[in-house]
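K.L.:
Letter by letter, the chains look like this.
Protein chains: 2
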Amino acid sequence: MTGLTRRNVLAGAALSMSAAALSSARAAAPATGAQGPGVYRTKIGSYELTALYDGTWFRKIDEKFVRNASGAQVNKALSDAFLAPGIVPTSFTAMLVNTGSKVVLIDAGTGGQLGPASGSMLANLAAAGVDPKAIDAIVISHFHPDHISGIKTKDGAKVFPNAEISVPAQEWAYWMDDGNMSRAPDSLRGTFLNVRRIFADIAKEVKQFEPGKDVAPGIASIAAFGHTPGHSAFSVASGNQSMLVLSDVTNHPWLFARHPDWQGVFDMDGNMAVAVRKRMLDRAAADRMLVQGYHFPFPASGYIVKSGKGYEIAPVMWQPL
Amino acid sequence: MTGLTRRNVLAGAALSMSAAALSSARAAAPATGAQGPGVYRTKIGSYELTALYDGTWFRKIDEKFVRNASGAQVNKALSDAFLAPGIVPTSFTAMLVNTGSKVVLIDAGTGGQLGPASGSMLANLAAAGVDPKAIDAIVISHFHPDHISGIKTKDGAKVFPNAEISVPAQEWAYWMDDGNMSRAPDSLRGTFLNVRRIFADIAKEVKQFEPGKDVAPGIASIAAFGHTPGHSAFSVASGNQSMLVLSDVTNHPWLFARHPDWQGVFDMDGNMAVAVRKRMLDRAAADRMLVQGYHFPFPASGYIVKSGKGYEIAPVMWQPL
Numbered sequence: 042m043t044g045l046t047r048r049n050v051l052a053g054a055a056l057s058m059s060a061a062a063l064s065s066a067r068a069a070a071p072a073t074g075a076q077g078p079g080v081y082r083t084k085i086g087s088y089e090l091t092a093l094y095d096g097t098w099f100r101k102i103d104e105k106f107v108r109n110a111s112g113a114q115v116n117k118a119l120s121d122a123f124l125a126p127g128i129v130p131t132s133f134t135a136m137l138v139n140t141g142s143k144v145v146l147i148d149a150g151t152g153g154q155l156g157p158a159s160g161s162m163l164a165n166l167a168a169a170g171v172d173p174k175a176i177d178a179i180v181i182s183h184f185h186p187d188h189i190s191g192i193k194t195k196d197g198a199k200v201f202p203n204a205e206i207s208v209p210a211q212e213w214a215y216w217m218d219d220g221n222m223s224r225a226p227d228s229l230r231g232t233f234l235n236v237r238r239i240f241a242d243i244a245k246e247v248k249q250f251e252p253g254k255d256v257a258p259g260i261a262s263i264a265a266f267g268h269t270p271g272h273s274a275f276s277v278a279s280g281n282q283s284m285l286v287l288s289d290v291t292n293h294p295w296l297f298a299r300h301p302d303w304q305g306v307f308d309m310d311g312n313m314a315v316a317v318r319k320r321m322l323d324r325a326a327a328d329r330m331l332v333q334g335y336h337f338p339f340p341a342s343g344y345i346v347k348s349g350k351g352y353e354i355a356p357v358m359w360q361p362l
Numbered sequence: 042m043t044g045l046t047r048r049n050v051l052a053g054a055a056l057s058m059s060a061a062a063l064s065s066a067r068a069a070a071p072a073t074g075a076q077g078p079g080v081y082r083t084k085i086g087s088y089e090l091t092a093l094y095d096g097t098w099f100r101k102i103d104e105k106f107v108r109n110a111s112g113a114q115v116n117k118a119l120s121d122a123f124l125a126p127g128i129v130p131t132s133f134t135a136m137l138v139n140t141g142s143k144v145v146l147i148d149a150g151t152g153g154q155l156g157p158a159s160g161s162m163l164a165n166l167a168a169a170g171v172d173p174k175a176i177d178a179i180v181i182s183h184f185h186p187d188h189i190s191g192i193k194t195k196d197g198a199k200v201f202p203n204a205e206i207s208v209p210a211q212e213w214a215y216w217m218d219d220g221n222m223s224r225a226p227d228s229l230r231g232t233f234l235n236v237r238r239i240f241a242d243i244a245k246e247v248k249q250f251e252p253g254k255d256v257a258p259g260i261a262s263i264a265a266f267g268h269t270p271g272h273s274a275f276s277v278a279s280g281n282q283s284m285l286v287l288s289d290v291t292n293h294p295w296l297f298a299r300h301p302d303w304q305g306v307f308d309m310d311g312n313m314a315v316a317v318r319k320r321m322l323d324r325a326a327a328d329r330m331l332v333q334g335y336h337f338p339f340p341a342s343g344y345i346v347k348s349g350k351g352y353e354i355a356p357v358m359w360q361p362l
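So the sequence lines, in the order shown, correspond to chains A and B. In terms of the working numbering, the first sequence has 131 at position 90, counting the first letter as 1, and numbering is strictly consecutive. In terms of the working numbering, the second sequence has 44 at position 3, counting the first letter as 1, and numbering is strictly consecutive.
Keep in mind that the hints were calculated from the coordinates and are not lab data. Careful, some of the hints might be misleading.
In this list, chains with the same sequence are indistinguishable; a pair is considered to hold if it fits within one copy or across any two.
[To be verified] The list that follows gives simulated cross-link-like pairs (lysine-lysine, BS3-like), each with its CA atoms no further than 27 Å apart:
no.	residue 1	residue 2
1	LYS117	LYS84
2	LYS193	LYS174
3	LYS193	LYS248
4	LYS84	LYS101
5	LYS199	LYS319
Starting from the given sequences, assemble the full structure and let the hints guide the process.
P.N.:
Pasting the structure below:
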């Protein structure tokens, strides 16, 4: 009723306006009802990087979302971030790296399988003018579904038919092991099954990499185990510039960078995840490194600033390429 | 030479990669060399708002850029914002409001007349699917060239032929007065002349509004004098939601919101501009208002947080509409 009342007030105000301002009954340009493209480019040396927004999962949370913080504490952090209680808007942004000779995708998106507002990556790839067939390589940080499901359609077809897929060896060893699956808690069963859905029939084609190795020209893997057994970050370097791709070193930064001690339900080894998070964010802050985070708000890159016991994200300032 | 050396190293590393990863000499998708579209939509009640990025002016500054702060202090603030010294990347974002019955543009952009990286608004309007002819009304905050030059092409043709133009009465009275022009310092002469270039031949069509009045359905003007004699902010309200359009209450927020006492060379009445800035940012922080700033980094909206003696911008989290 508030809305109706307010509209009536506004309609009254409009009566006092000029006839010209009231000449059309409807706007000539109808509302679109859709967000603008989520495509943001950055130059790193001679490389062109394109952040591709894959949507947002409005994740309903309960008391168990953070193992070592109460629901009230999490809701306070959400409020501090101007977000509503009880829902963590978890956004997804994959990174496309065009080296000039190779087009490499770091993480493959949700495939639209995490709620109705996920899965915009392919539309944004099209908005960026890139055919999925043009992607030469996919580098995967870890095997949670929001990072690998986009490799295939729901029907099991390859979305990026020409891409060589590289994954962390430790991640492969853990998730593809049937013994681990049989011993895993029920909450992880879906993740194990999804890993098999994505990788089982293409297992022979998938390359495995060890941490510290180059996974593509100018892209080196960095061990960041803890979030998952083989979770990896990446450095992208060209010329004298670089970007640190943090993958899931922190989930939503306004929760887990501001509160780096918090162990989310998704951090499989919570203590190790926290130690890695602090070490990498400390390093990024000290060296004023340009970083990207898969769950940072789009365009998902910026800088890390130490603040009290936690870290703030200073988002990159949107500018021309 | 650093770059070359690094490329050689990377080339060496690439030799150890798989043959498949090296199969093509060039990427199938060439680098675009251009930024992605700067189009971001927000719903306010039943209204659809579209932030339109108009580019960035990489403004070279000297000791006089802030009247009451030294060049060293300004460079420190730039460094704190992870920006290079001596240049203020001043971005421009206009706001399109589709009320369902009217399409209203708040401020008209630079018209590409502030350096080679300005003037992307029309391309972004096209990316947003809106024909310039579909704009019913233009509401102007003040007469600085980056807010009005986009009304006309360089040849003097109207860019938005069907738009009724509304301007602050106090702004019109000041800038259109030839006596004021004759008494003005040389530094303002170009601004006076540009005002005449834009408005002289369409003077009879231009509507003038008083502060506090509705300027379009759901859009009310707010006196924010000081930056210029008639500088105006706006509230956009629909249903029980609203956005405060701050116009130039603060220029680059990482300088002038963090240091609200600073008087930029563009603040014509520096003391009044500072008083208005503090009053409006205090109010926005206390009421947790969604705000938009013409010179905020795109998408140029967010929330104001009091922090020490200044204010931080908490950028809106990019999400689906």
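K.L.:
Run every hint past the structure and note whether it holds.
P.N.:
Okay, the hints, checked on the actual structure:
{"no.": "1", "hint": "LYS117 / LYS84", "result": "between (37 Å within a copy, 25 Å between copies)"}
{"no.": "2", "hint": "LYS193 / LYS174", "result": "within (13 Å within a copy, 43 Å between copies)"}
{"no.": "3", "hint": "LYS193 / LYS248", "result": "within (17 Å within a copy, 57 Å between copies)"}
{"no.": "4", "hint": "LYS84 / LYS101", "result": "between (36 Å within a copy, 22 Å between copies)"}
{"no.": "5", "hint": "LYS199 / LYS319", "result": "neither (37 Å within a copy, 55 Å between copies)"}
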